[in-house]
Amino acid sequence: MSTAATPAASGGLSKKDFASDQEVRWCPGCGDYAILSAVQRVLPELGIPREKIVFISGIGCSSRFPYYMNTYGFHTIHGRAPAIATGLKLANPELTVFVVTGDGDGLSIGGNHLMHVLRRNVDLTILLFNNRIYGLTKGQYSPTSEQGKVTKSTPYGSIDRPLDPVRVALGAGASFVARTIDRNLPHLQETLRRAVAHRGTSFVEIYQNCNIYNDGAFAPLTDKETREAAVVELVHGRPLVFGRPGERRALRLRGLVPEVVPYAEGSTSGAEGGGADGGLWVHDEHDRRLALLLAELEPPAMPVPMGVLLDLEAPEFIAAHMEQERRVTQTQGPGDLERLLRGPETWTVRES
Amino acid sequence: MSTAATPAASGGLSKKDFASDQEVRWCPGCGDYAILSAVQRVLPELGIPREKIVFISGIGCSSRFPYYMNTYGFHTIHGRAPAIATGLKLANPELTVFVVTGDGDGLSIGGNHLMHVLRRNVDLTILLFNNRIYGLTKGQYSPTSEQGKVTKSTPYGSIDRPLDPVRVALGAGASFVARTIDRNLPHLQETLRRAVAHRGTSFVEIYQNCNIYNDGAFAPLTDKETREAAVVELVHGRPLVFGRPGERRALRLRGLVPEVVPYAEGSTSGAEGGGADGGLWVHDEHDRRLALLLAELEPPAMPVPMGVLLDLEAPEFIAAHMEQERRVTQTQGPGDLERLLRGPETWTVRES
Amino acid sequence: MTTSTSPGASSSRGERTPLVSAVVRFAGDSGDGMQLTGSQFAHEVAWAGNDLATLPTFPAEIRAPAGTLYGVSSFQIQFGSVRVLTPGDRLDALVAMNPAALKVHLGDLEPGGLLIVNRNAFDQRNLARAGYRDNPLEDPALAERYRLHAIEVSRLTHEAVAGLGLGHKDAERCKNFFCLGLVSWVYGRPIEPTIEWLQRRFAREPALLEANRRALLAGHAFAETAEIFGEAYRVEPAVLPPGTYRRISGNQALALGLVTAAVRAGRPLLYGSYPITPASDILHEMARHRNFGVRPFQAEDEIAAMGAAIGAAFGGAIGVCGTSGPGLALKAEGLGLAVMAELPVVVIDVQRGGPSTGLPTRTEQADLLQALYGRNSEAPLIVLAPATPGECFQMAYEAVRLALKYMVPAILLSDGYLANGSEPWRIPDPEELPPIEVQQPPAAAAGRFAPYARDERTLARPWAVPGMPGLEHRIGGLEKEHISGNVSYDPDNHDLMVRLREEKVRRAAAEIPPLEVQGEDAGQLLVVGWGSTYGAIRVAVERVRARGRAVSAVHLRYLNPLPPDLGPLLGRFRRVLVPEINRGQLRRVLRAEFGCDAVGFHRVRGMPLAVGEIEQAIEALLDGEAGA
Amino acid sequence: MTTSTSPGASSSRGERTPLVSAVVRFAGDSGDGMQLTGSQFAHEVAWAGNDLATLPTFPAEIRAPAGTLYGVSSFQIQFGSVRVLTPGDRLDALVAMNPAALKVHLGDLEPGGLLIVNRNAFDQRNLARAGYRDNPLEDPALAERYRLHAIEVSRLTHEAVAGLGLGHKDAERCKNFFCLGLVSWVYGRPIEPTIEWLQRRFAREPALLEANRRALLAGHAFAETAEIFGEAYRVEPAVLPPGTYRRISGNQALALGLVTAAVRAGRPLLYGSYPITPASDILHEMARHRNFGVRPFQAEDEIAAMGAAIGAAFGGAIGVCGTSGPGLALKAEGLGLAVMAELPVVVIDVQRGGPSTGLPTRTEQADLLQALYGRNSEAPLIVLAPATPGECFQMAYEAVRLALKYMVPAILLSDGYLANGSEPWRIPDPEELPPIEVQQPPAAAAGRFAPYARDERTLARPWAVPGMPGLEHRIGGLEKEHISGNVSYDPDNHDLMVRLREEKVRRAAAEIPPLEVQGEDAGQLLVVGWGSTYGAIRVAVERVRARGRAVSAVHLRYLNPLPPDLGPLLGRFRRVLVPEINRGQLRRVLRAEFGCDAVGFHRVRGMPLAVGEIEQAIEALLDGEAGA
Ligand SMILES: Cc1ncc(C[n+]2csc(CCOP(=O)(O)OP(=O)(O)O)c2C)c(N)n1
Ligand SMILES: Cc1ncc(C[n+]2csc(CCOP(=O)(O)OP(=O)(O)O)c2C)c(N)n1
Ligand code: SF4
Ligand code: SF4
Ligand SMILES: [Mg+2]
Ligand SMILES: [Mg+2]
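Protein chains in written order, with the numbering used here: chain D, 1 to 352; chain A, 1001 to 1352; chain Y, 2001 to 2628; chain W, 3001 to 3628.
Only chain D is shown next, with the shape it has when bound in the complex (with noise of 0.2 Å):
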């Protein structure tokens, strides 16, 4: 998305000028505080005024999120975030606008919506919380619950599939796509600084606690114990690395097929092609597909790419959008409303 700064208005802002005067509502200890934290951080990093972000979002404990933002803001109906995003950002260009979705509410009933905005690369932020269950709704499996999900609407265990929001992104042909996480402060906010700074569609996928009705779904990546080996953070230009020091791993490709190889810190041996055989598998945000690639790697044996899968410039649907209106305009004259109601042909009567 791209950033209407004016730092001038802006000037001064801080974290707790993000904050709205409405009690937090999460459950304590739901991984959304410390999103909503990380957002409040980097909002006045942007030098955007406050009035002229607008926080939308569906419904879900997620989608309470603007409430909790000194911004404008919409809470919408489930699923629908996307669609209203787009119509706020065509009917005022100038703002910034973020779309807050959770699992069910961004692809279970929404999932059309949000393939639709990213086909379309409308200029938004999209922070989809996936905590992997319907928090709001009390705890049943959502469409990235694992299958054989045990849950009250599955007492027997999910038959389903789940969905990889970042494949589904993926094929919807969306312009950014990147993965963080709640307890990664420092990686959320970089991720939403890159996410904010992309022109088109920003899709950020954050995994989420809820602590109440899936907690620990995403343990090995935040413990201590097993977060270093489970996790590859993603740098342009960089190998993938990842693993504790001392058992530092990379990642190569053999052929289409990843494998896990030692590293030893400052190797880039082989790192020049992306992606290229032989040497490691050298991560270009440019690339959709190595992108492909990247979320095509599955826990546990291969590492979770977290930070930007993927960073494209592609059309704009708004600047096009307006774009057109104004070439329209320049070639035909701004509009006028009586040669319009006349039309081509008219005739007429007089006092008889």
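Calculated from the structure, these hints are not laboratory results.
Treat the hints with care, since some could be wrong.
[Claimed, not checked] In silico DSS-like links for lysine-lysine, alpha-carbon gap of 25 Å or less:
| no. | chain 1 | residue 1 | chain 2 | residue 2 |
| --- | --- | --- | --- | --- |
| 1 | D | K138 | D | K149 |
| 2 | A | K1138 | A | K1149 |
| 3 | D | K152 | W | K3103 |
| 4 | Y | K2169 | A | K1015 |
| 5 | D | K152 | D | K138 |
| 6 | A | K1152 | A | K1138 |
Fair warning: this is a prediction, and the values are worked out from it, not measured in the lab.
With chain D fixed as given, assemble chains A, Y and W with the ligands onto it according to the hints.
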């Protein structure tokens, strides 16, 4: 989709047994006729009794398909056929169910149901007639129309970037993904056979010419002059070869980047490893990563892949559902209504 | 045709029989160009200064196979020197281009009516396709019952265009202009406007221009010289209020009304729509007017279109979306949000035959109750309905005006007949339209901004939109606290808010002009209509009144809130008849609202009501029979 | 507790004051276990043979922060030796676990009522969170106005469980059982069932079992021995019809009704649902009964759930889906298809506060008009509504029965109060339920099968489903030809089909049992209710009658078609009052349908109507005042 074949019952059925008594009402010259004919030809081969075959469609020119099939059929509402077919299959897992949809029906209003049926891997065959236009509503651009398309609803050209149905299907985790075209009858028929043979959701994109509102959309792929260079037909275990006799070409992967190289008939140099570097790109329909890269091939620089892009074994939804039903019934015994109604705690009030 | 006074017919008027009005229908294969023929004839008629009303009927198929019954396309027009309010019940003249057209439409032709057929099309194949065993033209009964003229239209057309180097197909396609020339002569309508139109249309295809021109002239000359028509007619110009006129369809007028509202309000207008018959043409029209600040958005479905309109309204633009019945069903949840958020969105429902997919190409007025009640819980909004194609303009404008003034969603109920039908339309001066008031928020909120503080008079909340500094606030679909707009679960607050939302809509009744009663404003029988049945009811009432019987009529353009003077008016009549193309939806509302024992008249045939059947229903009631 | 005759209370009954009924509310933080406490108390009460009705109220938040006003959770129960039909308007006793609970609920306690508070929770932090500047327990007015007992519940509980090795948190969590013991003693209800329950619940956690048991006994003993309670009560068993009983909530009963219908019909039942408050528990319950042929399907949204139900019905299974108001809005288009395809699907709408997202955790009955009319065009279907939690069983069964018999969709309107409320339920013998008729198609079609040929009596079409040889056919959402079912654009056929679909629903009126009138069946005033207001209306009418005034009442369980004897009944009363938790929806229907000048009483507070306010409304009308 698995075939609940009972060859005896359907012995001797022929194409015309599958034609209903309703006059076909597509525009003269419409590509839908060829698809209808192909389906009516393939069905008798399957040995499935007519009464076990059901066609479910949404709304659109394409969706009138069921009326012309002498099987069970249901022309439902716009975009919802996958959901309705899922319910039908759950009601009676014995049935062979086809879903017929269009690029508008399946990817615009019905995109979410399509995505979810694919992830669930419900045993259905989905035929998506992609004519890159809304036919029935008389010619508005569709989600698969090329950017800049001038239509009734976009007099100054469309702004949205198109979706690629195959990429969407792969993004949703489809287990079977194929592409074929109305004008290549043998290919169409063979693809249908493969789709029906697959267990799980078979997704078949069929390029279909709408000669009224989008005539020639696929002309390069069907014109005698150009088609051989424009299409690569996929054959499992064979290199990706295309081009006219005498000008045969093959594809090779350089890292993840496809290249076109000359091909000498019969050559299979280095063709062992699926997509292996050095040698030619050899099709492996069981390799999801290769399928992802196939879906990235874009004309005119690259030929359009036709055939089965992906055919994976994956847990099928209906079978798993019925298996759970059996398992629970086995463990708990068949439902005992009296016990159920009594619940865990009762008390008795006697005549006083 | 440019501005000019109506010159009357161009042919000699010598022995022409004067007519007050006539009903003509052109019918043929979808490939025969009947819509164009009818439309051009309507142009000629309008140019001649007649009043008119048109009724096109399309097959459901895009291009139905030639010669089939279901592939017949037709265009009906009534025109006259008097006010013409309906396309007419029965035909004075029928042009049938093939056997199928004859079979489908003959039943509507008045005995003794003029019947023109293309004899060349009555070959074995076409007869078989239409299900004729024998050629009906050879049945003497046909010529006895009607003034039959079986003309070799195809052959004569081919002869007329011979030598222009046209292929057979192109030559054949000119035969509709032959017929147009012929009918124009019969009714003494000027063909100049058509020639002008051809010149514009085929500016770059001189051969086609010439061919069609020749066919037109040939038909005209054929009628004049062959003298096979026993009589020729003339229809004097109608006495219409002075002004500059154009012919306009309901969908066109609706789009222009929206554009005008946007210009007058000084706001961009987002038109979000997912194509659906018969509303798609509004999208097509809106998409052309980008230089008026119209932002067209073809959404992925109706829910997204609704969402985009809500988002636009939240953002300070006018949010409009257009659809038909099934699409309105999908917008229900979104409309509820707009009611709760109190945002000004306008939803246009061009009603069609239902339920479900129903009869997509046919008209009906059975979405009234859906518009009023088709949402969860108490979610009142404004509902309006235009009465004629031209009126779609002012009611679309009115819908935007009221939505913005009361900060409330509005639904506009058009229908398939209004959408595609057309009439002469006096071009309005936009400046004469009532101004559009926008609920400006306080310049800067002293302290915390209260998004649900209300205007005392209208109860509207302020339209504070993103971008306005100091007014940052959050709204949503949860119940909100009076004034502060914060989420509130307080029971009494909920009851209050439910009442306020209702009261706000009720207050919009202050905007409704006094009802205009046709006839006495008290008496035996009042006929109440809404929407596109206006013309048929009006004419029926006129006719019954002309027979000296006391009956009055009133037409509702405001369905929610209802006009404040409606209740008293109903009370002044002994009986009330409500003719509708549904099973009695307005009737239900009137009974519930006013305890009025209204009787219904319902024909749900996918067609406009006929004047004659309404007349009968009126007479029956006056004679003391129960309602049908 | 297993089957047993009700043993009455276990404590000594010596000096206990007899009560006919009592209303008790437990209130505290969501973490305080108030729902469990209330539910266990209800078990004890049921076991003691009382009649009862319960009203749980949850905060909208999943785990609201401790001590907040919006985080208070409560459970109210009325029980008695007489028939108990409502959870009661005002409280005889309130247990408040913290300052927030006191603040939120004190207003509902009768002056002089019993007020038990956990004094330990009244610390600075909690007082501040609840917005108390001073400790209300220190205000002498409190003890003057109520029978206040500020007990150190936390401390006493910790002491009771000391030595079991529990952490502070676990120990603290036992305090609800202390309160339960205490209240059980006060009302003389047996604690044995609770001990049995604890034994089952904590079979694998002996420390927790012991701790909760000790807390329970400590509370019980405290009340008995500390003798701080001025009085103790007893409530004799109610005289209920003989039979075996259980306590059941509306959602449970509904699920069991569906399962029973499936078993009786011998068909699998697809339950398609997308989770939504307050309907989710039905999905949870249905998902457990796989061994009854229930096929649960958690769909991607409500539209897909509806679609799956339609697909299942097309496939010969019973297609059911459950949702709440916003979800019903999304099912509108699908319901239209089911009407057109004439397929037996059942949609359950557990109504909640609206519009839009509204008040998701609160009750309302404002979806009646949506259920009746919330679809495009004329799309009539059956609408039913249970009156009590237990009745959800039979009405769910009835919905399936009628849908299958008439081949038509049915909507069942439950609500948040019925869903979560509970009552003693006499377990029915499934064999006594009316049999479920399935519209079997002809064994083999002679010639072409006619999917729209109808049963003469019911007008139902045959249920020919895929898999049946020789009956292959195609249906869809386009209008269909009478009998053949082919697509038809014929105007008269459309009118006929519209009427047939309407008539079919009308014929289902033959299934409706005669109305049972409370009081005389003619007179001054008839109160008409539907849905969950049953109990409140009944009690209100009883009370007014007890004061010797003439008022009758009737309750509607069939909303479409309406009972055939309703019109005549309405006609026998001078005035009709319709109390509803909406703005007058049934009232509107009655006025429209019967021209009856019904007066409404509406309180839309997200809460059940109170008996008292209905009484007042009745009295006011009897006194000749206008309706409120
Ligand atoms: C139309 C509609 N259907 C269903 C619901 C109920 N509902 C509210 S939130 C939700 C799912 C929330 O899951 P998710 O998006 O993952 O958010 P989370 O609570 O986990 O943050 C559902 C089903 C609703 N509010 N509206
Ligand atoms: C709810 C709803 N919205 C819109 C329509 C109108 N409609 C019918 S078909 C169609 C699009 C058809 O496009 P596609 O699926 O590509 O089918 P095609 O006609 O091209 O085969 C639309 C928008 C409808 N019938 N129902
Ligand atoms: S239920 Fe889960 S996601 Fe929702 S607020 Fe609680 S912890 Fe967070
Ligand atoms: S409009 Fe196009 S897709 Fe539809 S029937 Fe005609 S040619 Fe085929
Ligand atoms: Mg979630
Ligand atoms: Mg299409």
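Against the structure, the hints come out as follows:
A distance of roughly 15 Å separates the Cα atoms of K138 (chain D) and K149 (chain D); the hinted pair therefore holds under the 25 Å criterion. Between K1138 (chain A) and K1149 (chain A) the CA atoms are separated by roughly 15 Å; this keeps the pair inside 25 Å, and the hint holds. Of the supplied pair hints, the one linking K152 (chain D) and K3103 (chain W) is violated, its CA atoms being roughly 33 Å apart against a limit of 25 Å. With a C-alpha separation of about 34 Å, the suggested pairing of K2169 (chain Y) with K1015 (chain A) is violated against the 25 Å cut-off.
Our distance criterion of 25 Å between C-alpha atoms is met by K152 (chain D) and K138 (chain D), whose separation comes to about 8 Å. Taking the CA atoms of K1152 (chain A) and K1138 (chain A), the gap is near 8 Å; set against the 25 Å cutoff, the hint holds.
Of the numbered hints stated above, those contradicted by the structure are hints 3, 4, listed in ascending order.
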